[in-house]
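Keeping their order, the protein sequence lines are chains F and G.
Position 144 of the first sequence, counted from 1, bears residue number 144 in my numbering, the numbering being contiguous throughout.
Position 61 of the second sequence, counted from 1, bears residue number 61 in my numbering, the numbering being contiguous throughout.
Since the hints were derived computationally from the structure, they do not count as laboratory data.
A portion of the hints provided could be inaccurate.
Below, computed lysine-lysine pairings styled on DSS-like, alpha-carbon distance capped at 30 Å [stated by the list, open to error]:
#1 F:K32 / F:K237
#2 G:K184 / F:K107
#3 F:K237 / G:K280
#4 G:K287 / F:K260
#5 G:K280 / F:K225
#6 F:K27 / G:K125
#7 G:K56 / G:K175
#8 F:K237 / G:K318
#9 G:K169 / F:K237
#10 F:K260 / G:K317
#11 F:K260 / G:K18
#12 G:K197 / F:K155
#13 F:K198 / F:K32
#14 F:K66 / F:K81
#15 G:K190 / F:K260
#16 F:K155 / F:K66
#17 G:K18 / G:K56
#18 F:K146 / G:K190
#19 G:K184 / G:K18
#20 F:K260 / G:K125
#21 F:K260 / G:K280
#22 G:K184 / F:K155
#23 F:K146 / G:K280
#24 F:K66 / F:K194
#25 G:K317 / F:K237
#26 G:K169 / F:K146
#27 G:K56 / F:K155
#28 G:K197 / G:K318
#29 F:K153 / G:K190
#30 G:K184 / G:K125
#31 G:K317 / G:K197
#32 F:K223 / G:K280
#33 F:K260 / G:K197
#34 G:K169 / G:K56
What follows is a set of in silico ranges between Cβ atoms, one per label pair, in the way DEER data are often shown [claimed, not checked]:
#35 G:P244 / F:L150: 23 to 29 Å
#36 F:E18 / G:K169: 44 to 50 Å
#37 F:G152 / G:K197: 45 to 51 Å
#38 F:K146 / G:D13: 21 to 27 Å
#39 G:G46 / F:E18: 51 to 57 Å
#40 G:A168 / F:A52: 57 to 63 Å
Ideal Cβ positions, reconstructed from N, Cα and C, are used throughout, including at glycine.
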Amino acid sequence: MEIVVLVKQVPDTESLIEIAGDGVSIKKQDIKWVMNPYDEIAVEEALQIREAQGGTVTIITMGGQKAVETIRTALAMGADKGVHINDPAAEGSDALATAKILAAAVKEIPFELIIAGHRAVDEDNYQVAAGVAELLDIPQISMVVKAELLDGKIKCQRTIEGGTVTVEASLPALFTTQRGLNEPRYASLPGIMKAKKKPVDVKTTADLGIDAASVGAGNRKVKIKTLNFPPQRQAVKMIEGESAQAKAAELVRVLHEEAKII
Amino acid sequence: MAQGVFVITEQRDGAFRKVSFEAVSEGRRLADGLGADLTAVVLGSGVEGMAAELEKYGPDKILVADDPALADYTTSAYTNIIADLVQSTDPAVIILGASAQGKDLSARLAARLDAGLAMDCTAIKLDSGNLTYTRPMFGGKIFANVEIDGDLQIVAIRPNVMDITETAKQCVTEKPAVQVGDVKTTVVEKSMDTGDKVELTEADIVVSGGRGTSGNFEAVEQLAAALGGAVGSSRSAVDEGWRPHSDQVGQTGKVVSPGLYVACGISGAIQHLAGMSTSKYIVAINKDPEAPIFSKADLGIVGDLFEVVPAVTEAVKKIHS
Numbered sequence: 001m002e003i004v005v006l007v008k009q010v011p012d013t014e015s016l017i018e019i020a021g022d023g024v025s026i027k028k029q030d031i032k033w034v035m036n037p038y039d040e041i042a043v044e045e046a047l048q049i050r051e052a053q054g055g056t057v058t059i060i061t062m063g064g065q066k067a068v069e070t071i072r073t074a075l076a077m078g079a080d081k082g083v084h085i086n087d088p089a090a091e092g093s094d095a096l097a098t099a100k101i102l103a104a105a106v107k108e109i110p111f112e113l114i115i116a117g118h119r120a121v122d123e124d125n126y127q128v129a130a131g132v133a134e135l136l137d138i139p140q141i142s143m144v145v146k147a148e149l150l151d152g153k154i155k156c157q158r159t160i161e162g163g164t165v166t167v168e169a170s171l172p173a174l175f176t177t178q179r180g181l182n183e184p185r186y187a188s189l190p191g192i193m194k195a196k197k198k199p200v201d202v203k204t205t206a207d208l209g210i211d212a213a214s215v216g217a218g219n220r221k222v223k224i225k226t227l228n229f230p231p232q233r234q235a236v237k238m239i240e241g242e243s244a245q246a247k248a249a250e251l252v253r254v255l256h257e258e259a260k261i262i
Numbered sequence: 001m002a003q004g005v006f007v008i009t010e011q012r013d014g015a016f017r018k019v020s021f022e023a024v025s026e027g028r029r030l031a032d033g034l035g036a037d038l039t040a041v042v043l044g045s046g047v048e049g050m051a052a053e054l055e056k057y058g059p060d061k062i063l064v065a066d067d068p069a070l071a072d073y074t075t076s077a078y079t080n081i082i083a084d085l086v087q088s089t090d091p092a093v094i095i096l097g098a099s100a101q102g103k104d105l106s107a108r109l110a111a112r113l114d115a116g117l118a119m120d121c122t123a124i125k126l127d128s129g130n131l132t133y134t135r136p137m138f139g140g141k142i143f144a145n146v147e148i149d150g151d152l153q154i155v156a157i158r159p160n161v162m163d164i165t166e167t168a169k170q171c172v173t174e175k176p177a178v179q180v181g182d183v184k185t186t187v188v189e190k191s192m193d194t195g196d197k198v199e200l201t202e203a204d205i206v207v208s209g210g211r212g213t214s215g216n217f218e219a220v221e222q223l224a225a226a227l228g229g230a231v232g233s234s235r236s237a238v239d240e241g242w243r244p245h246s247d248q249v250g251q252t253g254k255v256v257s258p259g260l261y262v263a264c265g266i267s268g269a270i271q272h273l274a275g276m277s278t279s280k281y282i283v284a285i286n287k288d289p290e291a292p293i294f295s296k297a298d299l300g301i302v303g304d305l306f307e308v309v310p311a312v313t314e315a316v317k318k319i320h321s
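Next comes chain F alone, as it looks inside the complex (with noise of 0.2 Å):
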């Protein structure tokens, strides 16, 4: 099974985000870069059928040199190789571009199934992974909780508001991963040191055929205009009490009668 596994290295949930001088974009420094979490179960995936079947797991990332680190981390787990798109002209690029770009990227390689994270924990614009599945013309699925591949087929369990629903599309198709998934495994050492010799095939817009004028941060049909922190809410007031039915008491008190919300 050929797979492909689309990957975005993204700041560390923890990090804490400030916004930069010029109102429109975050500060980099100070921030720890990982995987978006959504990837590492995508990855986990596509190594967990490669297991069960053979086949071939390739990683694409677009990002700057330094997103060269989530690839390594994604071919210490076990993945095969890796596409890096790195290319200062692709910087910035709102999600259609950014889909534009990945599926030329796919396009090179023979491939039989795509798996991607349903969105990345920076910008969540859940959109990307779409984008590719409509360019390539090919089925999506997306927050997938079970995957099970069938002849020619892939089987698979999405949540919905109340429910599950199980849904099935022929190869070559996209899904996209949702938390429950699987777990993703830690990169042992030998496989740190396997993964310098993976191969890693850097390229540019060019080298995909992309004219760079359609794409990055001039090109943005989503323009930011300003970023806000979340509005200031009011201070806690802490309920006080001899006992936890007085505080009780109180707390249904306020929420009743001041806050009018039960």
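Dock chain G against the given chain F, drawing on the hints supplied.
Just chain G, lined up with the frame of chain F:
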């Protein structure tokens, strides 16, 4: 010249998702501000009778796309039909709810129509014909105000945030012929939760438990039941195996926006806060007075949740009786 607002509603098994009413209401507001018409579309099988339910939210026109192939949502069938309807209606803005279906559909549609999409939007501002969308990033640690370039803008609104409003309007309902086209996926099974379990992302009240419960969620569940709310959980409780992944509230779980969020025995890691910070009212119960959750809460009680939470349940029952 693209104009008008187009709302894609969502129904399942003959019932509209609440976010659809929010989307139509918001659509009406924007259409009025733009001096344009509002069209709402219903997709499904045997759903013609549902159109009337939308009328009170003020669309000028309702389109019913009715076909057996639309009984269950599939990405391609819905995308193909909407793309066709967009070609004939030529709207300037498409609004839909950012539910599980909406996230999937809007993303595919944006790529199909080569249009910018503002996902999980919590507010829309209209100023001199210009639309600005507010949407969370970094799990809600930052809010971005974005504008979309191009003839068509798509916005998926976060459920449970925007108001539902009624507007009296003359409404025309049509049932255009639809071409389902190439459908790339098949729904083979649907399994819905039985009973009155309230869905987490749609609940007006959420009661969540964390590490402080030590795995015993009885008090949390009983308070949720007394309040008619949903039960949520922190990541710790899920990692410990006490609660299913689908209950997790947080940056790598579900994002909720209820009117009331009660956090029991949850310390308040920033990733958890990211999942509930747009809640209108936050109550925290924790035995540690230094717990970070208190910095985000509106009301706090320092105490043992096994004593406090049942006492709150009792007090709630008294009010309801």
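So, going through the hints one by one against the coordinates:
1. F:K32 / F:K237: violated (34 Å)
2. G:K184 / F:K107: holds (19 Å)
3. F:K237 / G:K280: holds (15 Å)
4. G:K287 / F:K260: Status holds; Cα separation ~26 Å.
5. G:K280 / F:K225: With Cα atoms ~26 Å apart, G:K280 and F:K225 stay inside 30 Å; holds.
6. F:K27 / G:K125: holds (27 Å)
7. G:K56 / G:K175: Given pair G:K56, G:K175 holds - Cα atoms ~19 Å apart, limit 30 Å.
8. F:K237 / G:K318: holds (23 Å)
9. G:K169 / F:K237: Measuring from Cα to Cα gives roughly 45 Å; hence the hint is violated.
10. F:K260 / G:K317: With a Cα-Cα distance of about 16 Å, the restraint between F:K260 and G:K317 holds, given a limit of 30 Å.
11. F:K260 / G:K18: holds (22 Å)
12. G:K197 / F:K155: Status holds; Cα separation ~27 Å.
13. F:K198 / F:K32: Holds, because 24 Å separates the two Cα atoms, which is no more than 30 Å.
14. F:K66 / F:K81: holds (17 Å)
15. G:K190 / F:K260: Cα-Cα ~38 Å, so violated.
16. F:K155 / F:K66: Cα-Cα ~35 Å, so violated.
17. G:K18 / G:K56: holds (14 Å)
18. F:K146 / G:K190: Holds - the C-alpha atoms of G:K190 and F:K146 are around 14 Å apart, at most 30 Å.
19. G:K184 / G:K18: holds (28 Å)
20. F:K260 / G:K125: Distance of about 28 Å is within 30 Å: holds.
21. F:K260 / G:K280: holds (12 Å)
22. G:K184 / F:K155: holds (13 Å)
23. F:K146 / G:K280: violated (34 Å)
24. F:K66 / F:K194: holds (20 Å)
25. G:K317 / F:K237: holds (23 Å)
26. G:K169 / F:K146: Roughly 46 Å between the alpha carbons, so the hint for G:K169 and F:K146 is violated.
27. G:K56 / F:K155: Judged against 30 Å, a Cα distance of about 40 Å means the pair is violated.
28. G:K197 / G:K318: holds (23 Å)
29. F:K153 / G:K190: With Cα atoms ~18 Å apart, F:K153 and G:K190 stay inside 30 Å; holds.
30. G:K184 / G:K125: Violated, because 37 Å separates the two Cα atoms, which is more than 30 Å.
31. G:K317 / G:K197: Holds: G:K317 and G:K197 sit about 19 Å apart, inside 30 Å.
32. F:K223 / G:K280: holds (28 Å)
33. F:K260 / G:K197: holds (24 Å)
34. G:K169 / G:K56: Within the cut-off at roughly 8 Å; holds.
35. G:P244 / F:L150: 23 to 29 Å: Holds - the Cβ-Cβ distance for G:P244 and F:L150, about 26 Å, lies within 23 to 29 Å.
36. F:E18 / G:K169: 44 to 50 Å: Since the Cβ atoms of F:E18 and G:K169 sit about 46 Å apart, the hinted range of 44 to 50 Å holds.
37. F:G152 / G:K197: 45 to 51 Å: Check failed, 37 Å falls outside 45 to 51 Å.
38. F:K146 / G:D13: 21 to 27 Å: Since F:K146 and G:D13 have Cβ atoms about 23 Å apart, the given range 21 to 27 Å holds.
39. G:G46 / F:E18: 51 to 57 Å: Because 53 Å falls inside the window, the suggested range holds.
40. G:A168 / F:A52: 57 to 63 Å: Because 60 Å falls inside the window, the suggested range holds.
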